[in-house]
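Enquirer: Sequence:
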Amino acid sequence: MFESLKTLPQDPILQLMQTFRDDPRPDKVDLGIGVYKDDAGNTPIMAAVHEAERRLLEGETTKSYVGPAGSAGFNDAMARLILGNGSTLIRDGRTSVVQTPGGCGALRMAAEFLRLCQPDTNVWVSTPTWANHLPLLGGAGLTIREYSYLNQDTLQVDFNAMLEALEGASTGDVVLLHGCCHNPSGADLSFEQWQAVTNLIQRKGLLPFVDMAYQGLGDGLDQDAAGLRHLASQVPEMLVAASCSKNFGLYRERTGALMLISATETINKAATSQLLSVIRSHYSMPPAHGAAIVETILGDDGLRDQWQDELNGMCERILHLRHAFADALAPVGDFRFIARQRGMFSFLGISPEQVRRLREEHGIYMLESSRVNVAGLNDRVLPRVATAIRNIL
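In this text, residue positions in the sequence shown follow the working numbering: the first is 1, and each later residue adds one.
Since the hints were made in silico from the structure, they are not lab data.
Each residue gets a CB set at the ideal place from its N, CA and C atoms; glycine is no exception.
Possibly wrong hints are sitting among the right ones.
[Claimed, not checked] With a cut-off of at most 16 Å between alpha-carbon atoms, the simulated EDC-like pairs for lysine to aspartate or glutamate come out as follows: (1) LYS63 to GLU51; (2) LYS269 to ASP379; (3) LYS28 to ASP301; (4) LYS37 to ASP379; (5) LYS204 to ASP153; (6) LYS28 to ASP39; (7) LYS269 to ASP222; (8) LYS204 to GLU265; (9) LYS37 to ASP76; (10) LYS28 to GLU310; (11) LYS28 to GLU316; (12) LYS204 to ASP158; (13) LYS37 to ASP327; (14) LYS37 to GLU237.
[Claimed, not checked] Pair by pair, the computed Cβ-Cβ distance ranges are: (15) LEU319 to GLU192: 13 to 23 Å; (16) TYR65 to ASP39: 20 to 30 Å; (17) ILE144 to TYR283: 46 to 56 Å; (18) GLN18 to GLY59: 54 to 64 Å; (19) ARG91 to PRO383: 43 to 53 Å; (20) GLY299 to GLU353: 43 to 53 Å; (21) ARG356 to SER273: 47 to 57 Å; (22) ASP22 to GLU265: 14 to 24 Å; (23) HIS323 to PRO352: 26 to 36 Å.
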């Protein structure tokens, strides 16, 4: 059965991670792997998470299954985090949330659900987009279409090109949007642009699908969700994939959620029953621990305040690093776009050869596309990184 299989090339990000680990230089810098790091270069466990886990350890009485939908408490808390406590969509029963194994699980279950609804579904993704969007959605049998998003010269959103491309979409097509902190570019839509995209989606009868993986790491929890909430208030149907990896630091716990928004409560109940059947045929039940942590934090005013303070600190640190990085590179070019962008990632706009020189000559690691994880910087290493970049330009 296995004899005819060929070895596949390693994923570029995982290969970069291994090369970095094998590099013996003590001053090497990892700007490639997409995890948040603190000033010491570590990916810490948030204090609110520590406390929630302590409470769970003391109070947990079973390891029984949670069911295909996951924890109802977690699902309700995530709905309110994404849409806001006063959402009329929640009040009117037009929403449902299921717990998933990370944001990847939410994306894949959404894709399987869409294929069930319409086998020949087209899903439009931005150019560029997170590399794993393509296998997660395309692997379920959806047809991938692309819309222009980033101007490669200015490294800012080319909004006119985006709208022009989406004019080519047909009724019933799906449009995947990044809720905030666009990965890999860091270039986000303004609220006015969200309004314009909403108008286009309404006019053409498209289905919006929002990937919300970084809520709270751009400008704040509510600010980062403003565009998504406006869109959700205007359309009859919508999908949202959410991740708790970044804003709760629960990377290895694989904690995510998939939200359905339907035109009526009756339609939503039917759609949710179909989604749960899809889940049952794939992984049956989601893991419980990470979701229990999130539910504990969001269900306790003191823990929620502590978590939000920590998250705000992470957000402010990233913004500080963006401005400091842009200032440090100012002598050799206009890098002000880094300060204008949001979230963990930005493209530097340098060539693969220059990326290779940074790695080999200076021990500075980033993806060949020049995407850097700004959160991998700190005030100690930033001057050396900036000097190295200036030297290769």
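Enquirer: State the violated hints by number, sorted upward, taking the hints as numbered earlier in the document.
Expert: 1, 2, 3, 5, 7, 8, 9, 10, 11, 12, 13, 14, 16, 17, 18, 22
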